[in-house]
Amino acid sequence: MKLEEQIAMLQIIGGKLKRKKLKSPKGLNTRPTSSRLRETVFDICQQEIERARFLDLFSGSGSMGIEALSRGAGSAVFVDHDRGSIRCIQENIQELGLADCARAVIGDVIKLLPKLGTFDVIYVDPPYFEKNRDFSHSAEVLKAIDQSDLLAHGGMLFIEDSRSWEPDSGSLKTLRLKSSRKVGRSMLHQFER
8 MKLEEQIAML QIIGGKLKRK KLKSPKGLNT RPTSSRLRET VFDICQQEIE RARFLDLFSG
68 SGSMGIEALS RGAGSAVFVD HDRGSIRCIQ ENIQELGLAD CARAVIGDVI KLLPKLGTFD
128 VIYVDPPYFE KNRDFSHSAE VLKAIDQSDL LAHGGMLFIE DSRSWEPDSG SLKTLRLKSS
188 RKVGRSMLHQ FER
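Each residue of the sequence shown is one higher than the last, beginning at 8 in the working numbering.
Note that these hints are calculated values from the structure, not bench results.
Incorrect hints may appear among the rest.
[Said to hold, decoys possible] Within a straight-line C-alpha distance of at most 25 Å, the following computed DSS-like cross-link-like pairs (lysine-lysine) qualify: (1) K150 - K118; (2) K150 - K180; (3) K180 - K118.
[Said to hold, decoys possible] Distance ranges between label pairs, derived from CB positions: (4) S171 - D107: 22 to 32 Å; (5) Q53 - K28: 31 to 41 Å; (6) Q53 - R183: 18 to 28 Å.
Note that beta-carbon positions come from the ideal geometry of N, C-alpha and C, so glycine has one too.
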């Protein structure tokens, strides 16, 4: 099956690219962030997004990072392990004229974290499954970000996960859990440094 046959369409919900369409790989490998959750995140960080360095981890379609650029972020980096997702993100970046301020990186998120730089806003949306919670990408990424300089001082970190995952905020050294809220079938956890 060709990539064109495997894609679904999403839409930017705010900013200069509002109503522009985004490609998103179909299938079980990606779960696009709902427009409701995207709106919630950007309502929270609207004052910080202007010229921000935005990191979209487990990017899928890249909708969060592209939404950030549409709303005034200065740059966005997208990281995903899936070639189809990265190809789709690159097509979206090109079609929307964002190549000068966006970069898509393929690879293992945890291994790439030390090489990415520092960001003002980070969005993490790892694969999650309600039934098997023996391993949490969210917990692993949260620990790695807490122990690194990936998030700038005063920066904001958002983690989307299932309602069954709860962050161990007591073990954090440099991050502080600011809020946890239900949004649709997901939980959105907000951290600050």
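A quick look at each hint next to the structure:
no., hint, verdict
1, K150 - K118, "holds, 13 Å"
2, K150 - K180, "holds, 9 Å"
3, K180 - K118, "holds, 21 Å"
4, S171 - D107: 22 to 32 Å, "violated, 40 Å"
5, Q53 - K28: 31 to 41 Å, "violated, 23 Å"
6, Q53 - R183: 18 to 28 Å, "holds, 20 Å"
Comparing the model with each numbered hint stated earlier shows that hints 4 and 5 do not hold.
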